[in-house]
Amino acid sequence: MERLTSFAALEEYRGQLVAGRDPQRVMVAVCAGTGCIGCGANQVVAAFKKELAEQGLADKVEFRATGCHGFCERGTLVVIHPQRVFYQVVSAKDVPEIVEKTVKTGEVIDRLLYADKTDKDQKVLHEHDVPFYKHQRRLIFGNNGAIDPTSLDDYIALGGYAALAKALATMQSDQIIAEVKRAGLRGRGGGGFPAGVKWESCRNAKGSPKYVVCNADEGDPGAYMDRSLLEGNPHSVLEGMVIGAYAIGSNDGYIYVRNEYPLAVQNATIAIDQARAAGLLGKNILGTDFSYDIKISRGGGAFVCGESTALMASLEGQAGEPRAKYVHTVEHGLYNRPTNLNNVETWANVPYIVLHGADEYRKIGTEGSPGTKIFSLVGKVNNTGLIEVPMGITLRDIIYNIGGGIPKEKKFKAVQTGGPSGGCIPAEHLDLPVDFDKLYDVGSMMGSGGMIVMDENTCMVELARYFTAFLSDESCGKCLPCREGLTQMRGILQDICDGKGQDGDLDLIETLAGTIRECSLCALGQTAPNPVESTLRFFRSEYEAHIHHKRCPAGVCPPLITYKVLPDRCTACGACKRVCPAAAVEGQKKVVHRILVEKCIKCGQCYEICPADAIIKE
Amino acid sequence: MGAETFAPETVDAIVRKNGGTSANLILMLQDIQTEYRYLPHDALLYLSDKLNVPVARVYHVATFYKAFSLKPKGRHEFHVCMGTACHVRGSKLILDQIARELDLPPGGTSKDLKFSLDTVNCLGSCALGPLVVVDHEYVGHASLQKMKRIVANLKKKED
Amino acid sequence: MADLINLTINGRPTAVPYDTPLLTACRDAGVDVPTLCHNDNVAAYGVCRICSVEVNEGRKTRVVPSCVYTVRREIAVQTDSPRIHRHRAMLLNLLLARCPDEEPIQKLAAQYGVLAPHPRFQKKNDDCILCGLCVQICRDIVGVAALGFEGRGFERRAVSPFDAENPVCIACGACAFACPTQCIEFGEAGGKRWLKRWHREVDMLVCEKCGNYWLPDALSHQFAKRMGIDPASLNVCTNCR
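Quick mapping for you: the protein sequence lines, in order, are chains A, B and C.
For the first sequence, the working numbering begins at 6 and goes up steadily by one.
For the second sequence, the working numbering begins at 48 and goes up steadily by one.
For the third sequence, the working numbering begins at 9 and goes up steadily by one.
Hints are not guaranteed to be accurate.
Stated by the list, open to error - Listed next, the in silico EDC-like pairs over lysine to aspartate or glutamate satisfying Cα-Cα at most 16 Å (straight line): (1) K607/A / D503/A; (2) K118/B / E158/C; (3) K203/B / D159/B; (4) K193/B / E613/A; (5) K113/B / E158/C; (6) K607/A / D143/B; (7) K64/B / E82/B; (8) K200/C / D211/C; (9) K118/B / D171/C; (10) K139/B / E613/A; (11) K555/A / D503/A; (12) K607/A / E623/A; (13) K330/A / D27/C; (14) K139/B / D503/A; (15) K113/B / D478/A; (16) K55/A / D99/A; (17) K97/B / E56/B; (18) K113/B / E163/C; (19) K118/B / D159/B; (20) K195/B / E613/A.
Unchecked claim - Label pairs and their in silico Cβ distance ranges: (21) D89/B / K555/A: 50 to 60 Å; (22) G212/A / V244/C: 48 to 58 Å; (23) P438/A / K202/B: 52 to 62 Å; (24) A54/B / L130/A: 55 to 65 Å; (25) E184/B / E193/C: 47 to 57 Å; (26) N247/C / G212/A: 48 to 58 Å; (27) H133/A / P90/C: 56 to 66 Å; (28) L601/A / G154/B: 27 to 37 Å; (29) H188/B / E82/C: 57 to 67 Å; (30) A51/C / F295/A: 33 to 43 Å; (31) K54/A / A54/B: 38 to 48 Å; (32) N209/A / H188/B: 43 to 53 Å; (33) E184/B / K54/A: 14 to 24 Å; (34) F295/A / R80/C: 30 to 40 Å.
Worth flagging that the hints you see were computed from the coordinates, not collected in a lab.
Idealized CB from N, CA, C, for every residue including glycine.
Isolated chain A, as found in the complex (with noise of 0.2 Å):
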């Protein structure tokens, strides 16, 4: 496409791209996100190109790899349009049945249809009465399934780059500013600082140049909606950048993006270039005097990374140290100058508040937490995947309504969220209306949006010896408290894991703690004894029963349970025996065989192959 020079171009452009878009014609969306590709999506995508191809649909039939639709729980999934048929688990050998018979003639294969774990009768044909879509709200997230991440024809045909082009054709920078503000956008990257509040400053900090940034680096365990974001929209997240640097007054911008996440840092870069090409980013801007350009930068592996001061000194090439923050950064940020940073979600927020305006967007979400959040519901949940919420929505909601509750009739036991700077909420606050401030008011934090759900065989003194370990291995090692603070607060943890915890460990840990906290020189530190303070405070008797009755209730700790056949169950198959590797079972064929306690390495082998559910941990 040739390059745009004008905001006229732009809109000529769209008029055309649309025009020449039939929205009856058939399409064939295939989720091509990371977590798809893990189960498939590259074959059922190669499987789709040769079938329509041989079956002589190749002009009739529009067919698109599309960025993560969300749904990762039952990858790949597929939709059909117009009629938004939607597919689950679709494998490459289902492909030439579903170009048989839906795409040419609309038939739908029921096998393919989703049904809810529970009712397997009842199946939904679209995707929008899906129930783990049926509840969300897809501002920004939506349309990832709509578009080729790597086209950015899709995305200007869907109305992208419009923000920019009224932001640049009728606003100022502090219009934009003041916009913003009164949209209450708060970063989403964890901090919930106003975003449009952060912007101002910048604008009116001393020096030049100033510094655009955005914060790819996404290390809450757990969490993975940036990631999905900026491989499936990636167009959405430079948008708001370039409305952001025209606001703030910025020429130089960065993506610092976590080097485990490949795809997208691909498609980031296709983007820019694609950006850059057509006159949407670099010099002269849709034909005006402004230019920003970016450059893509990637970590290293640090979690500290995500910082704002460690992010900064590594994109200066330095190790990934944080320094205080007395002076902030949009002062002194980036090689000294003012730097604005956001997260990708809050980029991606700017172009809807900037084209629909404050008012529109504060419709959505509570007073204090405006819009939508993007979360990644994980771990004990039945409809795992990334979801996009109204704030304000009740845990519950998210969990049952959408998350489809715990599987296995387990029963829930608490959430976690914020990641390893968040807390565990249990089910007395399932009720909670998820937003900023409310999550803070129950020890916790809304972080980036990780939500880990927990049944009854987690154990919650682990998790905080997990948490505390992650962190203390992530530690930059700088400063005294968290260094070596968090390295003994991790040693208690494991020894009162291990069965090892002594009276007295519970008030070290406490003490411990609030140092951590206090005296912390940055936000990794300063958060880190979360986890521990938020299980102590609702799972206490769990913490009690390690120390005092040598037991881990959840049936989760090696050195606390033990590992046992059922005699009544147990058909002697000898599976168990067979992968043993300590030679600890003990029997022969039709006997029940039995396990040797004191030779069981608890490697769990025997518990994960035994067909007769005949082995139990207690």
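Chain A is fixed; fit chains B and C onto it per the hints.
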């Protein structure tokens, strides 16, 4: 195959490709790591000289980030995701199983440079958990027996 | 800005220029605040957190490291409140677990009632408190940057790169001089000077006139380059000139 000594022209090309500026040190090191499966000592000295930055700084960056290794990695790399979602689905037992089958601790590489085992913090494919990446291929819904088979197959291939 | 900002330190009012480090403000007011990683010759690194004090900025009180925090508005400071005392005790307890045999740490810890690391803490037998002064001084004052850090987290170490001899080290001994625990052994004998910790050994220049050893040759090269003089002029020691 032992540790290669680096070729200056290769590092020169990497420096050029990454803008020749020390701000892009991490990107350069990533390319060197990809090229040689580790960061050769001499390559780091050469890079320090070429970019005119102290060796001490290059060394700190090389040892700070998890993406880098100062020792060669194995031909077959196992990366077990230890993210929270994978953790609650039992990734620790999976890690222990692979460690047992390979006779390697996490972070270790076999002396014959055939295998490496590492943990990795959340790859963002949580619905596939427990997740193991074997030579860049995502093995989702990993089970103890599945990993046992994969290791056995790779061992056979290497023999 | 010649403006003075009013503040109170432990209840006593004082005033300092805008952006004065709080540690400086305290010391100038005659209030002693303990430090470990601080050195007036280099920029504040703010890692030991021992200099932490309580600051009330109006809304609520928070704990800040006084070496890095600068005075920009009216505040009320407490340098040794019970909360600060508790934090320092815990910090020193943690440090003692890493370096149980280092006298300067033992002394400071004792002032806060910590005579031994907590029995539940894992102990190391380190002599380095990771204050970073050696690295900073070598980089920012001496200017050769022969030292740096290795790794991260609990395994972080101050090292000569690759834990091997670094030829850019001029064996000036500034690092040894600045080290709070004196764990950088620095010696000279038989025409050689060494720094054991950095595996560094250099030859000493011999004075052409009196025959005594007087400068490490590595240092002499650096010095000549910096001063723009002929290195040959350093073949005669200062006593013989």
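Cross-check of the supplied hints:
no. : hint                        : verdict
1   : K607/A / D503/A             : holds, 13 Å
2   : K118/B / E158/C             : holds, 15 Å
3   : K203/B / D159/B             : holds, 15 Å
4   : K193/B / E613/A             : holds, 11 Å
5   : K113/B / E158/C             : holds, 13 Å
6   : K607/A / D143/B             : holds, 10 Å
7   : K64/B / E82/B               : holds, 14 Å
8   : K200/C / D211/C             : holds, 5 Å
9   : K118/B / D171/C             : holds, 15 Å
10  : K139/B / E613/A             : holds, 14 Å
11  : K555/A / D503/A             : holds, 8 Å
12  : K607/A / E623/A             : holds, 12 Å
13  : K330/A / D27/C              : holds, 14 Å
14  : K139/B / D503/A             : holds, 15 Å
15  : K113/B / D478/A             : holds, 10 Å
16  : K55/A / D99/A               : holds, 13 Å
17  : K97/B / E56/B               : holds, 12 Å
18  : K113/B / E163/C             : holds, 13 Å
19  : K118/B / D159/B             : holds, 13 Å
20  : K195/B / E613/A             : holds, 13 Å
21  : D89/B / K555/A: 50 to 60 Å  : holds, 53 Å
22  : G212/A / V244/C: 48 to 58 Å : holds, 50 Å
23  : P438/A / K202/B: 52 to 62 Å : holds, 53 Å
24  : A54/B / L130/A: 55 to 65 Å  : holds, 60 Å
25  : E184/B / E193/C: 47 to 57 Å : holds, 51 Å
26  : N247/C / G212/A: 48 to 58 Å : holds, 51 Å
27  : H133/A / P90/C: 56 to 66 Å  : holds, 60 Å
28  : L601/A / G154/B: 27 to 37 Å : holds, 32 Å
29  : H188/B / E82/C: 57 to 67 Å  : holds, 60 Å
30  : A51/C / F295/A: 33 to 43 Å  : holds, 37 Å
31  : K54/A / A54/B: 38 to 48 Å   : holds, 40 Å
32  : N209/A / H188/B: 43 to 53 Å : holds, 52 Å
33  : E184/B / K54/A: 14 to 24 Å  : holds, 21 Å
34  : F295/A / R80/C: 30 to 40 Å  : holds, 34 Å
Hint compliance for this structure: no hint is broken.
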